[in-house]
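J.: Top to bottom, those sequences are chains A and B.
Here the first sequence is numbered in our numbering, starting from 246 and rising by one per residue.
Here the second sequence is numbered in our numbering, starting from 4 and rising by one per residue.
The set of hints was computed from the structure by calculation and includes no laboratory data.
We put the CB at the ideal spot given by N, CA and C, even for glycine.
Be aware that a few hints might be false.
Each pair of labels, with its calculated beta carbon distance range [said to hold, decoys possible]:
#: 1; chain 1: A; residue 1: Val559; chain 2: B; residue 2: Arg50; range: 58 to 66 Å
#: 2; chain 1: B; residue 1: Arg31; chain 2: A; residue 2: Gly288; range: 32 to 40 Å
#: 3; chain 1: B; residue 1: Glu63; chain 2: A; residue 2: Val559; range: 28 to 36 Å
#: 4; chain 1: A; residue 1: Gly422; chain 2: B; residue 2: Gln158; range: 41 to 49 Å
#: 5; chain 1: A; residue 1: Asp533; chain 2: B; residue 2: Gly177; range: 46 to 54 Å
#: 6; chain 1: A; residue 1: Val397; chain 2: B; residue 2: Gly185; range: 52 to 60 Å
#: 7; chain 1: B; residue 1: Val216; chain 2: A; residue 2: Ile582; range: 50 to 58 Å
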Amino acid sequence: MKRTVIYTCLGAGLLVSICFSLALGAMRIPLKEVIDTLSHTLGFTVFGGTHHGINEGVIMMIRLPRTLMGILVGAALGISGAAIQGIFRNPLAEPSLVGISAGASLMAVLIIAFETLLFSSLGQVLGYYLLAFGAFAGAGITAMLVYNLSKVNGQANVSTMLLAGIAINAMAGALTGLVTYLADEQKLRSITFWMMGSLGGATWQNVSCLFPFVIIPVIGLPFLSRGLNLFAIGESQVELIGLNPKRIKILVVVLATMAVGASVAVSGIIGFIGLLIPHLTRLMGGVDHRFVLPVSALMGALVLTLADMVSRLVVQPIELPIGVVTALMGTPIFLYILIKDKKKLVN
Amino acid sequence: MSLKKYYIIILVLSFSLAAERSAAQAKRIITLSSAISETVNALGYGRRILATDVTSVSPEEINRLPKVSRNRSFSVEAITGFRPDLILVPEGDFSKENLYQFKSLGIRVVTIRQEFSVQGATKFIRQIAAAIGDKARGEQLAQKTENSVNITLSQLKKGNKSPKVLFIYARGVGTMNVAGKGSSMDAIIKLAGGKNAIQEFSDFKPYTTEALVKSNPDIILMFDFGLSSLGGREAFLDLPGVAYTNAGKNKRIVEMNGPLLINFSNRLPEAIKALNNRIL
Numbered sequence: 246m247k248r249t250v251i252y253t254c255l256g257a258g259l260l261v262s263i264c265f266s267l268a269l270g271a272m273r274i275p276l277k278e279v280i281d282t283l284s285h286t287l288g289f290t291v292f293g294g295t296h297h298g299i300n301e302g303v304i305m306m307i308r309l310p311r312t313l314m315g316i317l318v319g320a321a322l323g324i325s326g327a328a329i330q331g332i333f334r335n336p337l338a339e340p341s342l343v344g345i346s347a348g349a350s351l352m353a354v355l356i357i358a359f360e361t362l363l364f365s366s367l368g369q370v371l372g373y374y375l376l377a378f379g380a381f382a383g384a385g386i387t388a389m390l391v392y393n394l395s396k397v398n399g400q401a402n403v404s405t406m407l408l409a410g411i412a413i414n415a416m417a418g419a420l421t422g423l424v425t426y427l428a429d430e431q432k433l434r435s436i437t438f439w440m441m442g443s444l445g446g447a448t449w450q451n452v453s454c455l456f457p458f459v460i461i462p463v464i465g466l467p468f469l470s471r472g473l474n475l476f477a478i479g480e481s482q483v484e485l486i487g488l489n490p491k492r493i494k495i496l497v498v499v500l501a502t503m504a505v506g507a508s509v510a511v512s513g514i515i516g517f518i519g520l521l522i523p524h525l526t527r528l529m530g531g532v533d534h535r536f537v538l539p540v541s542a543l544m545g546a547l548v549l550t551l552a553d554m555v556s557r558l559v560v561q562p563i564e565l566p567i568g569v570v571t572a573l574m575g576t577p578i579f580l581y582i583l584i585k586d587k588k589k590l591v592n
Numbered sequence: 004m005s006l007k008k009y010y011i012i013i014l015v016l017s018f019s020l021a022a023e024r025s026a027a028q029a030k031r032i033i034t035l036s037s038a039i040s041e042t043v044n045a046l047g048y049g050r051r052i053l054a055t056d057v058t059s060v061s062p063e064e065i066n067r068l069p070k071v072s073r074n075r076s077f078s079v080e081a082i083t084g085f086r087p088d089l090i091l092v093p094e095g096d097f098s099k100e101n102l103y104q105f106k107s108l109g110i111r112v113v114t115i116r117q118e119f120s121v122q123g124a125t126k127f128i129r130q131i132a133a134a135i136g137d138k139a140r141g142e143q144l145a146q147k148t149e150n151s152v153n154i155t156l157s158q159l160k161k162g163n164k165s166p167k168v169l170f171i172y173a174r175g176v177g178t179m180n181v182a183g184k185g186s187s188m189d190a191i192i193k194l195a196g197g198k199n200a201i202q203e204f205s206d207f208k209p210y211t212t213e214a215l216v217k218s219n220p221d222i223i224l225m226f227d228f229g230l231s232s233l234g235g236r237e238a239f240l241d242l243p244g245v246a247y248t249n250a251g252k253n254k255r256i257v258e259m260n261g262p263l264l265i266n267f268s269n270r271l272p273e274a275i276k277a278l279n280n281r282i283l
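Next up, chain B with everything else stripped away, as it sits in the complex (with noise of 0.2 Å):
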């Protein structure tokens, strides 16, 4: 065989490859949840983006894409309007039938389980980067997340004791609920040196006065819309029993940005660094 022809069968080869691969590779997505968005974004996939959720509104040019999902409420025509090779959704929020009627459009839909530590932040990643098929990108995301993660907690700031943090998820007084082990905000709030001062229940559970005092927590952490849902930092302050715990005599309530402290993507060393920046 001539030399001509062993380049030529190495052309077309590359080729095939290469198609393949582009193939393979997703070109219109749609994200429904703000950490997948996040992630496909950093990824470097943010232009394939058709349209997401409500809750994902940053950075600003994902924000301006539409937003065809709403509470998990979404109409299965307005999504396939879009015309998507891909759609990334988190884990349960398709119903059964939702998934059927998808499947019988030939559109591929891949759910996305989250799970709430380090290990589950990379995992995440590397789950989203396989569905849009490019794993070599996603393993080096994943990678660069977990090392930053690594010198963010070897840089932390450390106090005397770690504080006991309340997070309070609040929609307007009567609508509070309060994070237990093994909540996202159980997480972050461990990894960010602080302990969760609900030790009693797991999940979001009601917000009560009793369990409030009784948990007397040091710090009591919302999201900016949850406070400002409450009325404010002074309103909340003159809630009652908040006078009876540490944080209430301190008045250490800090506020922050919900999604950056939930979504467990790239983004965790951020979070964990601004979270321990507020606590300690």
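This is chain A alone, in the form it adopts within the complex (with noise of 0.2 Å):
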């Protein structure tokens, strides 16, 4: 009951951030013509469907490839978070904070760097759907790397893998500089857009291509969610019920990578988003991964909606980076977590 009402809630919340999200911008539009816009597209009429040049234009090749990529991306950073930390048993491992994203977007650049003798043969569409799956690669890389590195008899040592998780960020980050640097200034032109994320530059191709690359893990990963559960209690107990621990530890790896992955191509690191969901998602309704992932995805689709919205309207004309908001919004909640753990080794 109680948990019909939240995925009511959160469904209704999204719907109404992506009314909001397509009618405000920079560019004031009266939302009768967004109404008329969109449901001209749709193949109706509202308001008398007449088309309004260029404000139809922002609308449909702006905002909406936007909006969609703000869900997209937000579904994804949520519901990877939520599954990572399942594996992890631990509700500090956050993509970006354990260096899965600086992994994907080191793989990113490296292939944006080469771009001219890939892109050239394989023209810009195949050219996104390399780089994300570029991307997933290093994601995919790094979340093993880390989780070998802090298991410690089968289960995985906080402090060993928050500072695993400083040294690849502190190192793809080295790179990523050192790469950019090398590369011709044109070509990189701003190291802020992997640091710091955008949603700026979402267009129909490249959402798109993001588009099965978060659907897959989205829909996937909640059938791994009884075995999540178990893996919470042990890894033995995954055993005992005749499950195989070691495949779906990989499963959910490769999901939660691959959406990781493709977001931090098209969108940059976007912070915080995957600890701040699914911390949020279990205050209100318990650990359960069988709640947990699919609300997770829902309401990280919601807030990067919102976090876009902020970041596209504080300092008009210009942007804010929604890393930035996301940073903002997220630290607090990392702060609080630790306090709390903190109490609980004290008491």
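Dock chain one against chain two, each of which comes alone in its own frame, and use the hints as you go.
T.: Rendered as structure tokens:
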């Protein structure tokens, strides 16, 4: 019952925020025209359905892909954050904290640096897929690396995990900087894109490329939630039920890094969503992964859509990097978890 | 055919030509670098500029315009909000995605490449004029600039030998870069009758005390905001190593307006003359 309410509220919230996201922006477009344009595209008429030229272009070519990208990236970061925390059995295991996002961005930067060699033969759209797969590989490799580094007696050691994350973040940051320094300036205009993230480059091309990378994990991960629940008790429990813990682990890591990698490839590193969202979800409805995973996806989509609106509207006519907004929302939660854990240790 | 008919045909033709000409011309322009804004203004189309970037601060009427880009960070939607029919942007400042976004909105974007030479400056002017749709005026301004550069070059002050000039781009101690070969500063120093003190590398590279002492410049050149970011003249002379150079011994620290020196646009003659006056 309570969960039905939560699902309904989040669903309604997401719908409302999508409407606002389409209606608000640097350009003032009357709500009537927004509804007109959208209904016209869907094939029916509400207010007479005339063409509005540039306004229609802004809604269809700028705001809609951007809103969709926000939803996809938010859902991806939310659900993969929850899943990775399940595998690590720790609420601090967050893709951007433990270096998974950095691994993804490093691969993406490397691919872009050698872009002219690859892209000219592959073409633009295939190039986007290559970027997404590359970032996926980068994310997967770092996730496995951090997991194996931090595992002590089958259990992830928190401090090693976070320290490994710091090391990988620093190394990936340095290598990204090095590549940016060596590659010609115009090709890699801005390192802040990879470090702070932005949804500003959303086009139908990269949104459609991102879509499968997010939808497969969002549908697939909840099927593994029973396994993840048993994981929380211990790997031996998984075996008792007759499931293969290793297989679950690999499946979760592959699906989660697939979502994170592709998101990083199109929007850079957007931190703390993977930490903030699962935490809020658990506060609302407990630790059962059958609940945490889908709700994290839904809430991630909602929160990132809102964060993007903030980044677009606060310092008009320019934009705040979205990573700044999510970090401002997420870091207090991070500190809160630390303080709570410390109290638990003291008691 | 009667004379009257001829007359009408000529009238219609000239109307349609005029219409075509004005239809091809850009009327609502966004300029995203100081050099581009300056050049569009010099071509006589300043009033058609709707918005610029944060570096476009001169002349005053350009400075008053809204600034829609800051260090290459901008919102496609905010720019579109001005309903421009032409965006002039330095090559490389828009990403592939941005170019695609503007294309799908039907807004024309022309990327302008800049080369740091006299030829480059005239080419730059012609490119911009062509984008606006007034090649004739571009040709005029390019010619004028070239003539004026030639006159300026022939009237330059000359010393016994050309002084070694080191350019330092500073944003506070710790973020200092020096200009190597092939950079905009290298080109303007040469044009103004100086010699770039750095010959070992190209473009801008981080400043080191040893490189400073080794290059032993006669003059150290900085942008006005650069020198103030280091705490002014006296503070700069106290930096390690500066006292061992000729420039430090003779206190020859020159500060100048940044955009004027690096823009390589129609103000190039003015820039050459100003720098020449300060270093010789």
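J.: For each hint, tell me whether it holds in the structure or not.
T.: Evaluated hints:
{"no.": "1", "hint": "A:Val559 - B:Arg50: 58 to 66 Å", "in the structure": "32 Å, violated"}
{"no.": "2", "hint": "B:Arg31 - A:Gly288: 32 to 40 Å", "in the structure": "33 Å, holds"}
{"no.": "3", "hint": "B:Glu63 - A:Val559: 28 to 36 Å", "in the structure": "29 Å, holds"}
{"no.": "4", "hint": "A:Gly422 - B:Gln158: 41 to 49 Å", "in the structure": "46 Å, holds"}
{"no.": "5", "hint": "A:Asp533 - B:Gly177: 46 to 54 Å", "in the structure": "52 Å, holds"}
{"no.": "6", "hint": "A:Val397 - B:Gly185: 52 to 60 Å", "in the structure": "54 Å, holds"}
{"no.": "7", "hint": "B:Val216 - A:Ile582: 50 to 58 Å", "in the structure": "52 Å, holds"}
The structure does not agree with numbered hint 1 stated previously, though it agrees with all others.
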